[in-house]
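Enquirer: Quick one: dock chain against chain with the hints and give me the complex.
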Amino acid sequence: MLKARNVAVALEEIGIQKKGRTILKDISLEVYEGEVFALLGLEGSGKTNLLKAIMGLNQITEGIKAVSSQLGYVSETRALYDRMTVSEIEALCKGLSREWNQSLFSELLNKIMIDGKSIVGSLSKSKKSLLYITLTLATNPRILLIDEPMEGLDDLTKETLMSLLLSFMEDGKNSLILASRTIVEIAGIIDRFGVLNKGKLIYNGSVDDAIANYCRVRIVPKKLDVEIPNLNGIYGLERDGRSILVRINQDKEEIIDYLRKIPHDFFDVIPLGINDVYKEMLREEMYL
Amino acid sequence: MMLTLLKKELKERRWYFVIPSGFLLVAALSLPYMYRNLFPILYLSNNFTFADFVWGSWWGQPVWQMGYVFVFFLGSNILGKERESGILEFLLSRNISKGKVLASKIIVDLSIIAAVIVLTTIVMLISVNYSSIEYNNNYSNLNVAIFLWIALCGAYLFCGLLTLLTRARWKGFTLGLLWVVIDLIIYTYSQGTFSLTRYMIDSSIYMNNGFPLIPAIVVVVAGGGIIKLTYDIFSKYY
Numbered sequence: 009m010l011k012a013r014n015v016a017v018a019l020e021e022i023g024i025q026k027k028g029r030t031i032l033k034d035i036s037l038e039v040y041e042g043e044v045f046a047l048l049g050l051e052g053s054g055k056t057n058l059l060k061a062i063m064g065l066n067q068i069t070e071g072i073k074a075v076s077s078q079l080g081y082v083s084e085t086r087a088l089y090d091r092m093t094v095s096e097i098e099a100l101c102k103g104l105s106r107e108w109n110q111s112l113f114s115e116l117l118n119k120i121m122i123d124g125k126s127i128v129g130s131l132s133k134s135k136k137s138l139l140y141i142t143l144t145l146a147t148n149p150r151i152l153l154i155d156e157p158m159e160g161l162d163d164l165t166k167e168t169l170m171s172l173l174l175s176f177m178e179d180g181k182n183s184l185i186l187a188s189r190t191i192v193e194i195a196g197i198i199d200r201f202g203v204l205n206k207g208k209l210i211y212n213g214s215v216d217d218a219i220a221n222y223c224r225v226r227i228v229p230k231k232l233d234v235e236i237p238n239l240n241g242i243y244g245l246e247r248d249g250r251s252i253l254v255r256i257n258q259d260k261e262e263i264i265d266y267l268r269k270i271p272h273d274f275f276d277v278i279p280l281g282i283n284d285v286y287k288e289m290l291r292e293e294m295y296l
Numbered sequence: 006m007m008l009t010l011l012k013k014e015l016k017e018r019r020w021y022f023v024i025p026s027g028f029l030l031v032a033a034l035s036l037p038y039m040y041r042n043l044f045p046i047l048y049l050s051n052n053f054t055f056a057d058f059v060w061g062s063w064w065g066q067p068v069w070q071m072g073y074v075f076v077f078f079l080g081s082n083i084l085g086k087e088r089e090s091g092i093l094e095f096l097l098s099r100n101i102s103k104g105k106v107l108a109s110k111i112i113v114d115l116s117i118i119a120a121v122i123v124l125t126t127i128v129m130l131i132s133v134n135y136s137s138i139e140y141n142n143n144y145s146n147l148n149v150a151i152f153l154w155i156a157l158c159g160a161y162l163f164c165g166l167l168t169l170l171t172r173a174r175w176k177g178f179t180l181g182l183l184w185v186v187i188d189l190i191i192y193t194y195s196q197g198t199f200s201l202t203r204y205m206i207d208s209s210i211y212m213n214n215g216f217p218l219i220p221a222i223v224v225v226v227a228g229g230g231i232i233k234l235t236y237d238i239f240s241k242y243y
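Line by line, the protein sequences are chains A and P.
Under this note's numbering, the first residue of the first sequence carries the number 9, and numbering increases by one thereafter.
Under this note's numbering, the first residue of the second sequence carries the number 6, and numbering increases by one thereafter.
Source of the hints: derived by calculation from the structure; they are not laboratory data.
Check before you lean on any hint, since a few could be wrong.
Across the chosen pairs, the derived CB separations fall in these ranges [as the list claims (entries may be wrong)]:
1. A:E70 x P:L147: 51 to 61 Å
2. P:S240 x A:K119: 34 to 44 Å
3. A:R91 x P:G230: 42 to 52 Å
4. P:R172 x A:S132: 26 to 36 Å
5. P:M7 x A:E167: 49 to 59 Å
The beta carbon of each residue, even a glycine, is placed where N, CA and C say it ideally should be.
Pulled out of the complex, with its shape left as it was, chain P reads as follows (with noise of 0.2 Å):
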């Protein structure tokens, strides 16, 4: 049952994976042009790690930010088809669980959101390595790869609790922006200790310390939380 509702998610959802996933490609394959030609100097300094190419230069920061972006849609769309009267009661009067309706989805998105960036990286590895460009290649890129999901998939979560308790997509998707201001004044006041974004984009973070592995535990307890909440709202009042 689980396996047929995750293949319907699937169908219903792949466009969430192709568009950005074609978005961040051409990012991926215009990266080294742009460092080679618009930044020589860049280019030429060799203090990046591959991450920092990536995820944390002037082009990469706009390709995470988009990624917010993509998972402010994802999230503000958590119930899919489902949202509309009488599609819900489909699947609930064949005996499936609203449990396993959410949890199909959430399981689907969060695995769209891994495979974005993992095919993201790998086609940037190639791209860079085929440019070149030299840089630190490290243990960081896994860790930041990590981060960088880890933080998407709470911004997913967030923005998909705050739609299923406004019962509006975009009221959830404007809402869901707030994710990013609260992790900004986190990011200002804790000096990047605790926010998501430093390590989803400071490499050297992990050079000094290895993994953070406080803060990760700090956000999948979170994360679960959130999972726990958005459940009991869509149970109750859906």
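If we strip away everything but chain A, and leave its shape as in the complex, we get (with noise of 0.2 Å):
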């Protein structure tokens, strides 16, 4: 099934239901090896149901999933044995991981500096969440998985993530696949990203595509009755008196061109960041 030679994880009209209720629809999508992939969406999107279904934890009642290599996962709650200390922990995972990779673990601890001997219920929520980063790369896995890296991170402890991901992307093999519900923190590292919203894929790009076909128009028409027609590109339009705020999303520089033909008083291109263009992307689906 796998295309391609670096193709890291592939899935083919995945879908997930649990107790008749549908949790994923035909979510196809492919992370290449080297890319760092953002799946992006609101609070119950299925984020962490599609996560946890490349991981293996969910089961897939609908389509393939085929993965490449090793995977590591990093689960939102961040659950760790509180009672245990650094060491304890570090034992039990050294014990259970066949392709633990000690001297990783030491330089990485050494790196987010967290003493051995602490509890780990003792760790601060930043810390505990950089152990168990640490604790899945000391497994060497190809494809890390972390469902929502930056959520209760302090900004230093953002920064070390931040250089223990790159780190891990260095050699250009591995994989990165990050489930988030704001893109801002993660976006100067991704390379393509997704959106569900309601359990279906409905963007699957890269950040430079997305950022090249959204953007907004105001235009203040010179005759008031101007009507804008239901071009393929426009998919929002809202009206604050004579000026008109249109949302496109494909063919940007066409409907641009046809807009900028209509007589108007003032006429501005609004371009938008990936964040912006993330929003948009939601609120195109509640206009849908």
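Expert: Here it is as structure tokens:
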């Protein structure tokens, strides 16, 4: 099923049903080696379920899943045995994984500045999160899945986490899949992203493509009764007095050219950053 | 991998061994004193076997009744720390199957129950021997201990199963008490033939009939069924 050598994860029309309820439907996507892919969506959109499905923790009821190599999973709860010391949990993970890399673990533990004698439950949320990720990285995964990577982290920890993730991606053969509610903090490292809404994948593409396709145009036409036709690529119109805000998600240039031809007193193309594009994608679903 | 899981479970559940052992050791050491001072007639009568002294006597019965409470605690905590959200995922994401997680818990728990019984029996044996109490020492001692273990294991599995089904420790614990009620009903209606409790406390049954092979097979098969059911429920709903 893997179409190219460098595909790390391939999903073909997968679906999950739980107790008669559809959790995920017709999800098809590919994540390549050396790529950082983000799964974005609002609370309850199905991100965690999809991540768990890739990991094998959720049973897929439809479609096909193929994974090329060893997976590592960092759950949203970051739940660890709170009464254990860091050394004890290290010994546990070492015993449970054949791929355990002791030197990498020691190096990373030094980097995140956690003492082996510390009790896991006494660590701050940020430190615990870093420890969880370190324990996962030490199992030498080729594909790392992280649910809500930045949630609950302080700014310093976010920086440390970024540096851990960048070192993980350094050799170009590893893949990283992040599930997140927001894109702001991870925008700098992701190559492609998918947006989930109510269990369906509404966008799957690169950051650059998304930015290139989306924009807003504010136009104040000379005539009050100007009708903007329902062109393919316009997914939203908002009127505020004479001013019209046009939301565009494809064929940007053609639509802008068309709109520019409408006699107007004011015309402005508003480019969107990735964060706004993501919000537009979610908004687009509301318009549909 | 399994060894690491077993070690973790042993460490996590060590208090389930230490606390009942402590309680039973005090009971074991005080047994000869109780008999000599409180029931001198019984003490002189020499009608009891050692097993009767230990498990079937006025002092021994509360001991195994406490044993039930102990295994209900153990059974209702069958998921241990893994009942907390996410911890099970932590293990499963390390390619540990649910079966291994559950098996490690059941193996450790059944071993803890056996260890408590063995330790207490040995201490009681020593304690009673040093006390100059006379008793009829015969093979039934081992039989009683084995059946005590089987009965407690059954109660443990029953309670564990109910805990997994109800997804609540207190419900599992409370409903686990049904085990005792069911056994009591069976005891009454079958005049003890199929009651585990009788095999636990009544050594005369062994003296007359030897080791009760058929009830033992029934219990082992039923226990296997409960384990399978527990595994299925655990795999499906957790």
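Enquirer: If a hint holds in the structure, say so; if it does not, say that too.
Expert: Evaluation of the provided hints:
The hinted range of 51 to 61 Å is satisfied by E70 (chain A) and L147 (chain P), whose Cβ atoms lie roughly 57 Å apart. Distance hint check for S240 (chain P) and K119 (chain A): the Cβ-Cβ separation is about 38 Å, which falls inside the suggested range of 34 to 44 Å. For R91 (chain A) paired with G230 (chain P), a C-beta distance near 34 Å fails the hint of 42 to 52 Å. Under the hint 26 to 36 Å, the C-beta atoms of R172 (chain P) and S132 (chain A), about 31 Å apart, fit the expected range.
Between M7 (chain P) and E167 (chain A) the beta carbons are some 40 Å apart, a value that contradicts the proposed interval 49 to 59 Å.
The structure fails hints 3, 5 (numbered hints given earlier, in ascending order).
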